[in-house]
Amino acid sequence: MGTLLLVLDLSGTFVFALSGATAGVKNRLDLFGVLVLSFAAGNAGGIARDLLIGATPPAAISNWHYLAVSLLAGIFTFWRPSIIDRLRNPVLLFDAAGLGLFAVAGTQKALVFGLNPVMAAALGMLTGIGGGMTRDVLLTEIPIVLRADIYAIAALAGAALVVIGSALRLPATAVTIAGAVLCFGLRFMAIRRGWHLPIAGEPEQPADRKDDGARRL
Amino acid sequence: MGTLLLVLDLSGTFVFALSGATAGVKNRLDLFGVLVLSFAAGNAGGIARDLLIGATPPAAISNWHYLAVSLLAGIFTFWRPSIIDRLRNPVLLFDAAGLGLFAVAGTQKALVFGLNPVMAAALGMLTGIGGGMTRDVLLTEIPIVLRADIYAIAALAGAALVVIGSALRLPATAVTIAGAVLCFGLRFMAIRRGWHLPIAGEPEQPADRKDDGARRL
Amino acid sequence: MGTLLLVLDLSGTFVFALSGATAGVKNRLDLFGVLVLSFAAGNAGGIARDLLIGATPPAAISNWHYLAVSLLAGIFTFWRPSIIDRLRNPVLLFDAAGLGLFAVAGTQKALVFGLNPVMAAALGMLTGIGGGMTRDVLLTEIPIVLRADIYAIAALAGAALVVIGSALRLPATAVTIAGAVLCFGLRFMAIRRGWHLPIAGEPEQPADRKDDGARRL
Chain A
43 MGTLLLVLDL SGTFVFALSG ATAGVKNRLD LFGVLVLSFA AGNAGGIARD
93 LLIGATPPAA ISNWHYLAVS LLAGIFTFWR PSIIDRLRNP VLLFDAAGLG
143 LFAVAGTQKA LVFGLNPVMA AALGMLTGIG GGMTRDVLLT EIPIVLRADI
193 YAIAALAGAA LVVIGSALRL PATAVTIAGA VLCFGLRFMA IRRGWHLPIA
243 GEPEQPADRK DDGARRL
Chain B
43 MGTLLLVLDL SGTFVFALSG ATAGVKNRLD LFGVLVLSFA AGNAGGIARD
93 LLIGATPPAA ISNWHYLAVS LLAGIFTFWR PSIIDRLRNP VLLFDAAGLG
143 LFAVAGTQKA LVFGLNPVMA AALGMLTGIG GGMTRDVLLT EIPIVLRADI
193 YAIAALAGAA LVVIGSALRL PATAVTIAGA VLCFGLRFMA IRRGWHLPIA
243 GEPEQPADRK DDGARRL
Chain C
43 MGTLLLVLDL SGTFVFALSG ATAGVKNRLD LFGVLVLSFA AGNAGGIARD
93 LLIGATPPAA ISNWHYLAVS LLAGIFTFWR PSIIDRLRNP VLLFDAAGLG
143 LFAVAGTQKA LVFGLNPVMA AALGMLTGIG GGMTRDVLLT EIPIVLRADI
193 YAIAALAGAA LVVIGSALRL PATAVTIAGA VLCFGLRFMA IRRGWHLPIA
243 GEPEQPADRK DDGARRL
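Chains as they are written, first to last, in our numbering: chain A, 43 to 259; chain B, 43 to 259; chain C, 43 to 259.
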């Protein structure tokens, strides 16, 4: 279980770091700014989770693998932005993959530290959304989690699957992979099909008005 | 004392969550964005306080009541924004009430954890202003605490009253209520009467110039 | 060693608090907003470091000297902005001095708490850049560390010198002063000479195009 957790965590760190680096390159930050943003996007969620469950120093600080993986993603994105450019909406895709991996890894770690199931799922969600929120706040944008169609709820669905599977004593590896796939799938479909949650005060509005709201945000 | 502290904390969480949800609805966030903002506004100050005094996991994480109260406030605001709309400047009012409740509850908890009186009052103030600052930063606005006429100083006044009452061994319940009322009253009067602190570099300016500054911020 | 660490930390707090207060005055915040920004700029980096290495409550919370030094810097800047104005680019200069002092002090403290050399240097850098990042995020600006020509890398150079000197068992005081001077010198020269790191996607661009990029950020 420990190895699975580490692999998930490092994979999530890598893809989130790619999303941070891509956002940094788009905002024309310099090399070091891109690397700082890589590390922040890749590790802020996990660091927040570890501080909140009292696991100090956080894994991302005591274990240099997280820093190495983040820098690797940042340097790759910095020197080869053309590869990233060719993918359509790469920030969104990396973000969705990182979301799924972090949501399940964060939930597993919170359960290991003895949190109750409800808060373990919430912390899994926080692990998933914390890095992206930090990335967006550093670039002075309203975090995507607060305005994207289906985002935090996808992380929560993946986290909930892990919690339920754990309560039913199903095999941890299978449940963890299923949770990550569920989260990624929900987020991916939301991007492709434009799924979204209701916005307050306009239950009767036609779709174009909602688009207008999204654009204004 | 423990029960009083919990009731104050949950009441403050509820009103701050209302302020976060109202700000979220105004910015046309979706349902989940509004709920995230409710939780952040309602709990960021208390979580920051608990992390700083070493009380991990923070109450808002280990105790699911805080999450439930935040979600309740968020869902109510989301489905019935018209009720909130009818109140005048509701964000400011909820904010003032939350400020008072959190300032005294935060000070009490810091005293219980053995901090010296000066830093206990400062942490009470932080508990009061942390949620609103997080709400504003997430919406990429300069936090109201940095530009409002009388804000942090109202929280500090309430916190100071609790510290002084505690040093004089006055009854805790009475002192706590008095501190919350003092803070709310100061903030409310500041909003109504336009009380403000001086702004640097223009001690001799007429009032309209100051208004201009406030508008530009 | 303990005394040197405290003096460095308080000096760094003072100059960073000056930078925070100056930025606050420029943004026409009121007196309390300026003081809050002084404390945040002066202490956010050290508080983040202490939370991450598990040293709770952080020095800036348990020891009232940090609050006193921050308020002193804030009040001085607030009442005498003309003195600050006369200096050229004072925010940048104070920022550079604070960066050097915090980078070496943060590295020393992380080494004392048993972190490995790589992460100790990284935490020294974080101590140096955390306050300025918090100051900029609170004023809803993209942190200078992400876009300035040579910034975080100057902090990292100073921190690395301390780590290497510690590994070679050189005298701690000399190594610490050398690290702070190296960091300040690098940052100062970067400002004077316009040194900068490459920006992604335009390795072949002439200098004026790069300036355009910097201005747009």
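If you're looking for bench data, these hints aren't it; they were derived computationally from the structure.
There could be a bad hint or two in this list.
Copies of the same chain look alike in the list, so a pair counts if it works inside one copy or between any two.
[Unchecked claim] Mimicking SDA-like on lysine to any residue, the simulated pairs with C-alpha atoms at most 25 Å apart in a straight line are:
hint, residue 1, residue 2
1, LYS68, PHE155
2, LYS68, PRO213
3, LYS68, PRO240
4, LYS68, ILE117
5, LYS68, ASN105
6, LYS68, ALA220
7, LYS68, LEU239
8, LYS68, ILE219
9, LYS68, PHE118
10, LYS68, TRP106
11, LYS68, ILE233
12, LYS68, PHE226
13, LYS68, ALA232
14, LYS68, VAL179
15, LYS68, PRO159
16, LYS68, LEU109
17, LYS68, ASN158
18, LYS68, GLY207
task: Compare the structure with the hints numbered earlier in the document and write down the numbers of the violated ones, lowest to highest.
output: 1, 2, 5, 6, 8, 10, 15, 17, 18
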